[in-house]
Amino acid sequence: MSRTPLDTVEHAAATPDVELPWAELGLKKDEYERVVEILGRRPTGAELAMYSVMWSEHCSYKSSKVHLRQFGEKAPESDALLVGIGENAGVVDVGQGYAVTFKVESHNHPSYVEPYQGAATGVGGIVRDIIAMGARPVAVVDPLRFGAADHPDTKRVLPGVVAGIGGYGNCLGLPNIGGEVVFDACYQGNPLVNAGAIGVMRHEDIHLAKASGAGNKVILYGARTGGDGIGGASILASETFDDAKPSKRPAVQVGDPFQEKLLIECTLEAFQEKLVVGIQDLGAAGLSCATSELASNGSGGMRVTLDDVPLRDSTLSPEEILMSESQERMCAVVEPEKVDRFLEICDKWDVIATVIGEVTDGDRLEIFWHGEKIVDVDPRTVAHEGPTYERPYARPSWQDELQADDANKLPRPQTSEELKDQVLKLVASPNQASKQWITQQYDHFVQGNTVLAQPEDSGMIRIDEASGLGVAIATDGNGRYAKLDPYTGAQLALAEAYRNVATTGAKPLAVSDCLNFGSPEDPAVMWQFAEAVRGLADGCKQLGTPVTGGNVSLYNQTGEAAIHPTPVVAVLGVIDDVARRTPVAFQEEGQLLYLLGDTREEFGGSAWSQVIHDHLGGLPPKVDLERERLLGEILISASRDGMIDSAHDLSDGGLIQAVVESALLGGKGARLVVPDGLDAFTFLFSESAGRAIVAVPRSEEVRFNDMCGARGLPATRIGVVDGDTVEVQGEFALPLTDLREAHEGTIPALLA
Amino acid sequence: MTARIGVVTFPGSLDDRDTQRAIRVAGAEPVALWHKDKDLKQVDAVVLCGGFSYGDYLRAGAIARFSPVMDTVIDQAKAGLPVLGICNGFQILTEAHLLPGGMLGNDHLHFICRDQKLRVENADTAWTTDYTAGQEIHIPLKNMDGRYVADRRTLDELEAEGRVAFRYMDFNPNGSLNDIAGITNAAGNVVGLMPHPEHAVEPLIGTGRTDGLPFFTSILKKLVNA
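From first to last, the protein sequence lines stand for chains P and F.
Position one of the first sequence corresponds to residue 1 (UniProt numbering), numbered consecutively onward.
Position one of the second sequence corresponds to residue 1 (UniProt numbering), numbered consecutively onward.
Next up, chain P with everything else stripped away, as it sits in the complex (with noise of 0.2 angstroms):
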């Protein structure tokens, strides 16, 4: 059999016209041109493989890069600030010497191709970021967008990927303590799977990525590379999805979660033993992104031998061993004398690991496949240099058209028969409905410090057991809001997830986001994505939360519709005794319902608007950030002063879907009286930002009183926790078990 002889170095540079497949790799033709400018010759195949992955919009960031720096740029002061943007993860000071590490990452181009698959390995490559910074993972959340509830193919989209999502979460004992399920018309062809996790480790033992010291050995450990996942970088995550092209199924990882599971324990005796100088996970563009941002961000270069990667099938090109995105992998970067007990360890956990390469004194990457030299590049260049774009944008036209269609101005509730009707449609439609179908899927429990999970405002994990130390995080996102005004509509999820940290009695401290996007080479889609992320960056230096990484998901577009602008926004928070949280369940009977913060008359997004009258439009509520710093100060002072005993943020749905939900959590009901200057359905439905409900034992309403009359926060009596239905006095009561039956019923008649 022959074959082709092997693109080397030396063979590309002397067969200066030979056509390489640039093009069906994804790259353009000036960027093909500028890699030729870079090497002052054509690149080895093997060369351009790693340039077309590397510089893919998903590893490189090149059309989002240039709004991106705001969150630098206008990054607050903050103490708590350990790592930042760059790393795999940012790392967060959260006291006693505990550092805390979070992001939140997407995974949605492979979810809709193959839901299970895609979902798990997006599981699993944010579990190997949190690793790499050398923290143990404590937790995951899972934040996601699917197509109507109704469509026929989100009854196969989802349950693959709620199956994958807890498939591999419940395998490696991670409790999955949050997130979120939308369902909008507007992902039907592109749902939307983010994936977060929280690490712990001490203040010592942050690990970055980079290899430095000539002479120090490259591992690769973890599972074989295959050929599973080549290209999902540049074709699949970086391209709008096309009915007319090939399936891009091949181009989907497969995970096993079990290796994972190994590999974390193995990392971590590894961590622990101080064995490893840096270390890098391979998830997009693998070897090809582990190598050469390794190298370019540390000292020296790197030489690597691409024969000695163990392989799962041995019939691989070097190109297809350096594309391939085979889970389950990470490389790190150990001194020779360390590196007999780095592979022991290995060993005692099972895991295949090889000395692949080393770092080397020079300033180039070079690899070998038998014995030649197939890759000479200033890694740099791979990893950092890539293109970055302006890409043009502009306010679509259509923005003015939808900004007037005022939600406003719809048709309200005549009577209080149709007042409750419309309750009891709002808290049975599927986005307000429980999630526990799809919530009982995850483990919460494991690792035994969960203190609080879905359906509760933020998830809460302790950290330490002596002192009660925790973190909380929430992750929220308004489509809706954002499409009508990005800008705000970024803030507002911001505020969201802010207040629900803060609503279980944990101080912000830190923001991670995913932004979801369209195609940034449509103008009106570009013009989303850069108000979104002004917003974002503006308001995280009001709130004093700076952006500590994250991840943009772009082309999340089916021909020439895009998605909802939907940026995804993580909040942690810490939390100095978790014996002092707040649930969102009600507690006991008598005790007074608060409303705090100012309701105005604002329905559009609104939960009411889609369910009800199937509208889009007018204008998000307003945002007042100072307000939610002062609510989120107080809803922490209540629970550390121990005055009230629970506490639910008022969001979509207003203020009786939060009120159902703390009911029927609690299994007690509540009589609310609408206060002075507000009609019921305002009172109701409205969704307003910072507003919170709290439920205040009659021995603290004095001093809760006093205490919001002082800092001037409004705090407006609304009711009572008793019975065992959900009365407004004078309009409607509805009994706990239909509002049960409403709440419960309607995703597991959909889906299971």
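It should be emphasised that the hints constitute simulated quantities derived from the structure, not laboratory data.
Be a bit skeptical, because a hint or two may be false.
List time: in silico EDC-like cross-link candidates among lysine to aspartate or glutamate, alpha-carbon distance up to 16 angstroms [said to hold, decoys possible]:
no. : chain 1 : residue 1 : chain 2 : residue 2
1   : F       : Lys-36    : P       : Asp-350
2   : F       : Lys-36    : P       : Asp-347
3   : P       : Lys-373   : P       : Glu-10
4   : P       : Lys-274   : P       : Glu-337
5   : P       : Lys-541   : P       : Asp-624
6   : F       : Lys-38    : F       : Asp-75
7   : P       : Lys-425   : P       : Glu-744
8   : P       : Lys-348   : P       : Glu-418
9   : P       : Lys-348   : F       : Asp-37
10  : F       : Lys-36    : P       : Glu-344
11  : P       : Lys-274   : P       : Glu-204
12  : F       : Lys-117   : F       : Glu-136
Let chain P serve as the given structure and place chain F on it in line with the hints.
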């Protein structure tokens, strides 16, 4: 003196550290045991904890049953060593034939995680004396393959001899025959169940109940008083 209770870590074990914590909370001393090691370090009892040992490859518990540590556990369990199998540990005990029957995939085909109500049917085993027979408790349940099955004769025997230790109440979460959540061997030293008592030992954490703690205080009392 206190009791030393071993917790075996297999590759893929998940609740080993949680189980060690539960043992500590109860006042006993946890001892880490390793699957490749036949030595049980002279522990007074062993817990096989939850997780996905060997990735549940082949069948949950089927490979772990052949690991070196299990040789010793099986021998000593037959000689009276108290052994508790939780979830994957229960699966391993059935695969090892220390307990009869076996586990199939949940009848609804999904992983299920919930706060499960149980009735304590047998409060005379080494692991259940701090309960009273008939007591109703809530213990977290989380599994994919939790449907207990056995042939009719075995089921009749288990029922007749009072060897059904725990039964699901109100809701059978996986289709287990006779609502069986956990069983014991005839001698009462080997107990297996699908729910996770180690996740219910501290207020505030998990479901916020401590209904699982008596497993660990029961064995501690038995060993200390022995």
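Against the structure, the hints:
1. Between Lys-36 (chain F) and Asp-350 (chain P) the alpha-carbon distance is near 11 angstroms, which keeps this suggested pair within the 16 angstroms criterion.
2. Restraint check: the Cα-Cα separation between Lys-36 (chain F) and Asp-347 (chain P) comes to about 12 angstroms, which is no more than 16 angstroms; the hinted pair holds.
3. Annotation: proposed proximity of Lys-373 (chain P) to Glu-10 (chain P) holds, straight-line Cα distance about 8 angstroms (limit 16 angstroms).
4. For the hint pairing Lys-274 (chain P) with Glu-337 (chain P), the CA-to-CA distance comes to about 12 angstroms; that is within 16 angstroms, so the pair holds.
5. Straight-line distance between C-alpha atoms of Lys-541 (chain P) and Asp-624 (chain P) comes to about 13 angstroms, which keeps the hinted pair within the 16 angstroms bound.
6. Our distance criterion of 16 angstroms between C-alpha atoms is met by Lys-38 (chain F) and Asp-75 (chain F), whose separation comes to about 11 angstroms.
7. At roughly 12 angstroms between alpha-carbon atoms, Lys-425 (chain P) and Glu-744 (chain P) fall within 16 angstroms of each other, so this suggested pair holds.
8. With a CA separation close to 66 angstroms, the supplied pair Lys-348 (chain P) and Glu-418 (chain P) exceeds the 16 angstroms bound.
9. A hinted pair counts as satisfied when its Cα atoms are at most 16 angstroms apart, and Lys-348 (chain P) with Asp-37 (chain F) qualifies at roughly 12 angstroms.
10. Simply put, Lys-36 (chain F) and Glu-344 (chain P) have alpha-carbon atoms about 14 angstroms apart, close enough for the 16 angstroms limit, and the pair holds.
11. A hinted pair counts as satisfied when its Cα atoms are at most 16 angstroms apart, and Lys-274 (chain P) with Glu-204 (chain P) qualifies at roughly 10 angstroms.
12. Using a Cα cut-off of 16 angstroms, the hinted pair Lys-117 (chain F) and Glu-136 (chain F) holds, with the two alpha carbons roughly 7 angstroms apart.
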